[in-house]
Amino acid sequence: MERKFIEYDFGRVDSERMRLNVGPQHPSTHGVLRLEIELEGEIVTDVIPHIGYLHRCFEKYCEQMQYPQVIPYIDRLDYIASMNNEWPFVMGVEKMMNIQVPERVEYIRVIFAELNRIANHQIAVATFGMDAGAFTPFLYLFRDREMILNLFEHTSGARLLYNYFWVGGLAHDVPPNFKDTALNIIKTVRATNEEVMRLLMGNKIFVERTVKVGILPADVAINFACSGPVLRGSGVEWDLRKAQPYSIYDRFDFNVCVGSNEIGVIGDSWNRNIVRMNEMEQSCRIIEQAIAQMPNEGDVREKFPKKVRPPKGEIYCSAENPKGELGFYLVADGGNKPFRLKSRPTSFVNLAVLPEICKGYMVADLILILGSIDIVLGEVDR
Amino acid sequence: MGNFVFDLIGKNIVAALVICIIPLVFILPYALIAILGELKIGAWMQDRVGPMRTGWKGVLQPVAEVVKLLQKEDITPTIANKPLFNLAPFIVFIGAFAAFAVLPFSEKFIPSGINLGLFFVFAVGSFAVIGIVMGGWASNNKYSLLGAMRSVAQIISYELPAGMVFLSIATIAGTLDMQTIILNQSGPIWNWYIFGGPQGGAIKFLFIPFFVILFIVYLISSLAETNRTPFDIPEGESEIVAGYHTEYSGMKFAMFFMAEYANMYVVSAIIVILFLGGWSSPFGTSFMDGPIWGIFWMVGKAFFFVFVQIWLRWTLPRLRVDQLMYLGWKVLLPLSIACFMAIAFLAMIN
Amino acid sequence: MLEALFYIFAAMIIGSAAVTAFTKNILYAAFALLFTFFGVAAIYVLLSADFLAISQIMIYIGGILVLIIFGVMLTTNVSIVDIKEGFTGKTSFIIAGIFSAITCIFFIYLAFKMPFINHAPKDVKLPNDSTIKPLGKLLMTNYLLAFEVASVVLLIAIIGAAMIARRHDD
Amino acid sequence: MVKYFKDILLGFWTIMVGMKITMDHLFQKKVTMQYPERFDPIDTGFMPDNSRNKLFVDIDDCNGCGGCERDCPVNCITVETVKTVPSDGPITIKSGAKRTLWVLKHEIDYSKCCFCSLCVESCATSAIFHTKEFDYSGYDRNELKHDFVSYSDEEKQKKLDNFVAYQIVKKQEDAAKKAADEAAKAAAAQITK
Chain A
5 MERKFIEYDF GRVDSERMRL NVGPQHPSTH GVLRLEIELE GEIVTDVIPH IGYLHRCFEK
65 YCEQMQYPQV IPYIDRLDYI ASMNNEWPFV MGVEKMMNIQ VPERVEYIRV IFAELNRIAN
125 HQIAVATFGM DAGAFTPFLY LFRDREMILN LFEHTSGARL LYNYFWVGGL AHDVPPNFKD
185 TALNIIKTVR ATNEEVMRLL MGNKIFVERT VKVGILPADV AINFACSGPV LRGSGVEWDL
245 RKAQPYSIYD RFDFNVCVGS NEIGVIGDSW NRNIVRMNEM EQSCRIIEQA IAQMPNEGDV
305 REKFPKKVRP PKGEIYCSAE NPKGELGFYL VADGGNKPFR LKSRPTSFVN LAVLPEICKG
365 YMVADLILIL GSIDIVLGEV DR
Chain B
364 MGNFVFDLIG KNIVAALVIC IIPLVFILPY ALIAILGELK IGAWMQDRVG PMRTGWKGVL
424 QPVAEVVKLL QKEDITPTIA NKPLFNLAPF IVFIGAFAAF AVLPFSEKFI PSGINLGLFF
484 VFAVGSFAVI GIVMGGWASN NKYSLLGAMR SVAQIISYEL PAGMVFLSIA TIAGTLDMQT
544 IILNQSGPIW NWYIFGGPQG GAIKFLFIPF FVILFIVYLI SSLAETNRTP FDIPEGESEI
604 VAGYHTEYSG MKFAMFFMAE YANMYVVSAI IVILFLGGWS SPFGTSFMDG PIWGIFWMVG
664 KAFFFVFVQI WLRWTLPRLR VDQLMYLGWK VLLPLSIACF MAIAFLAMIN
Chain C
127 MLEALFYIFA AMIIGSAAVT AFTKNILYAA FALLFTFFGV AAIYVLLSAD FLAISQIMIY
187 IGGILVLIIF GVMLTTNVSI VDIKEGFTGK TSFIIAGIFS AITCIFFIYL AFKMPFINHA
247 PKDVKLPNDS TIKPLGKLLM TNYLLAFEVA SVVLLIAIIG AAMIARRHDD
Chain D
89 MVKYFKDILL GFWTIMVGMK ITMDHLFQKK VTMQYPERFD PIDTGFMPDN SRNKLFVDID
149 DCNGCGGCER DCPVNCITVE TVKTVPSDGP ITIKSGAKRT LWVLKHEIDY SKCCFCSLCV
209 ESCATSAIFH TKEFDYSGYD RNELKHDFVS YSDEEKQKKL DNFVAYQIVK KQEDAAKKAA
269 DEAAKAAAAQ ITK
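Residue numbers (this note's numbering), protein chains in the order written: chain A, 5 to 386; chain B, 364 to 713; chain C, 127 to 296; chain D, 89 to 281.
Just chain A, with the same shape it has in the complex (with noise of 0.2 Å):
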């Protein structure tokens, strides 16, 4: 243990500074994150995170899997998220081999990503709720999660790791009374969000917990390259569906959603949280188009290639995540595997900036700072 002495005008005091391990195994690091921590009393004066507890070596083993076979992979990324990560590595491919997909194709896949985001903001919230103390919001946002999950199980076959984006199209066509399960979907999710609005966002001790804590402006999120609703709760209206309109996201009518002076400082954690609430509403409302828009028939399988064989080239796509911009570099040698396949991963990235936002605040604090953030460790270590 270091010792310091900190100057204080009525003389000096020795104070000595606590070194305390959170994690790999504590409750609330989201995963097997370990933060190695520097305490004064119980204010955080450093935050050091130590990563790869659950390092797969995603790269290099994608470059011995052939391109259909990357995407179980790519699952297992952000596995609250499968959907939205196989989308990017999907479109690199696609665009690489000059496959149109099909209309109908396009719209099942925004329609299930917004779904897919939905369901991993719940998950956000719902975590960042228990972080601070309130379980009873997670587990009603579990619930209707749940509805989600269902409605991907009965089309790609699978409830967490859905294979379901394939080069070219869909692995399956939806079920059935798909459109009806997705409306009432909608339905629920506006009926919880406006539950956990008033039983957890709007409680006071929660806001008490939430404002001023773990402000990140917006030039540090920017110079630390976060994106998603780390970015946007610090005020930046950056949405990749909105700046770069990738798939048919241009069809749609929806506000990108940016933190606010309203309650708590702009790029606080209770904007963050926020953030995500309105995104729920948002998605919810390209959800409701979409359906609308969507043609009826068409075969989903129709634009697969019989040998995905991207030519040479490399591509670098990108798409919005949950969490924020997922890319994926890729880099083909004209045989049926990446010569090299290198992803940004929106975690990794967002979780970097944790250090710099969470020194002067209390331990608990430091819990709540790590919820806001809202990493997934699969992604955070690949």
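Take these hints with a grain of salt, some might be off.
[Said to hold, decoys possible] When the alpha-carbon atoms are kept at most 16 Å apart in a straight line, the in silico EDC-like pairs for lysine to aspartate or glutamate are as follows:
no., chain 1, residue 1, chain 2, residue 2
1, A, K316, A, E67
2, B, K505, A, E40
3, A, K341, D, D159
4, A, K310, D, D159
In case anyone wonders, no lab produced these hints; they're calculated from the structure.
The structure displayed is predicted, hence computed values, not measured ones.
Add chains B, C and D to chain A, keeping to what the hints say.
Okay, now just chains B, C and D, sitting in the frame of chain A:
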């Protein structure tokens, strides 16, 4: 009750032991019911069904948990300070257990009818602090130490508003004896202290808001003293794992657990005694009143507040340490002092 | 039975006080003090001084002891601190010896001079009612000055402590 | 000062709101499904038709092409085959195509399987498919390996021996044929000379 046992057995050491054991006989089944209530009410509030496997609809779950804790391996960390580590759960339990000595159950049933019941409860509450510090320090775990430090700061801070509430009621009742306080409130429902107490005639209705504020102040500070949500920061599981009992397992953990639940009853009973007429019937002295009904009313009312504590636990997030201190020193203490002054004025004009 | 209880508690007081005095671990000493205070409270109860007994528990155990333990715990490396034994220096030893000798002689003198009760108060009628009322009356009448002075001193101490503990952000 | 009291009242009010919500939920219908009692995947429709559970190989339908083995991203499938010989007679797989390979081993290691469904996709004869069974376990990780081939060791050995014998026969035949060809060629050359 003491006299009754002395009459039955004779004034000897056996009788004294019997009297000592009576609260324990109450605590054990009560703790089982409270644990089941915590599990089931928590589950129902979250749209779950809760434990369903042990017994009919899972009613034997707390028994199973107790049996599990009893037969679990009792782990003492190698680097822990063994004597203090082993002693701490007992000290904590003494604090909760001793308070039962003066808690009345009915007109005729009170383990010890000392004249200073309220003061006694207030004093033995401090044993828990020593036990928690002991356990937290002896575990030789940084999380435990943090939890113990938080706990001590919290309990000591919240003893002040609680003390002001005790003082207010003692002033208006003119006694520290719990039985007398309850007897004062017997009769119709507006004789309860939450409605201004029996004294004062019509003018007392002006003072009802102060009594209600005192009631809320004590409700909040009792939550803090028993480390319940939203003041469960000493054992806040998302921050400091389990706080001061991180390293405890098996029977010793069960002691902490029992002490927490026993404390829940103690503070609920005190709320009932101070503000809601204790064992007296809400329908006046004529209807459903008497020693046996007294037990029903006392335990029933106290269980309602145990339920309120469980209810709050499954509703609220947790406060932070500095907010807790803010609430204790800058909100509850001034409020309680103001109310105390008002009630002292009421006591004076009577 | 009461006599048996008295001897049990007396043994507890002496034993734990001895631990406090002789243990090397400063935290053990602090925790042993808990039993000393508790025993003293029990003796008060046996003397029918119930208010005093509970005050003893509240003030000494709930207040002062917690403060001591808190202070000791937060000081660095508690368990390593050795309480020094043996002679720390000749001069101090001589001075301490002289002082303790004088005190000793003084106490012996007192023991012979003062009219102590040297038998159990069997025929003394103990008050059946609470002692709280006479105590309160005395504090508000005969000893009001002492009471007020004590509270003013405590107030000053609290304000001073708050001043020292305040963090200056300049 | 106003803010101080406003904050207190706001805190009190929001706590009351939260307590009302949890109280409402206390009396609502519960959503828990008691798993083993209430789970009947096929009847209640909990399990969709395309659900991805334990794999099954209809070995009579497997032509031993090894496509599943190649397409598996986690290498949990092992296929061993041997060629058929003419003496086996005219044999077909279930779907009617001619069988050219005996499948001697088709082993799936369920402890490795990631249920991605790529093997099902790659199978030309739909011999491999997902069943409705999902809750299987074992005391040893080897218990989770399942070999779908039911031939006994003797039969396998016989098939291997047949193949080896056929190879020898074929070699001799080839040699004889080659010799005959060369002889014919030589004869032809003789003639052209």
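Verification of the supplied hints:
With a C-alpha separation of about 15 Å, the suggested pair K316 (chain A) and E67 (chain A) falls inside the 16 Å cut-off, and the hint holds. Simply put, K505 (chain B) and E40 (chain A) have alpha-carbon atoms about 13 Å apart, close enough for the 16 Å limit, and the pair holds. Proposed proximity of K341 (chain A) and D159 (chain D) is supported: the alpha carbons are some 12 Å apart, at most 16 Å. Restraint check for K310 (chain A) and D159 (chain D): the C-alpha separation of about 14 Å stays at or below 16 Å, so the hint holds.
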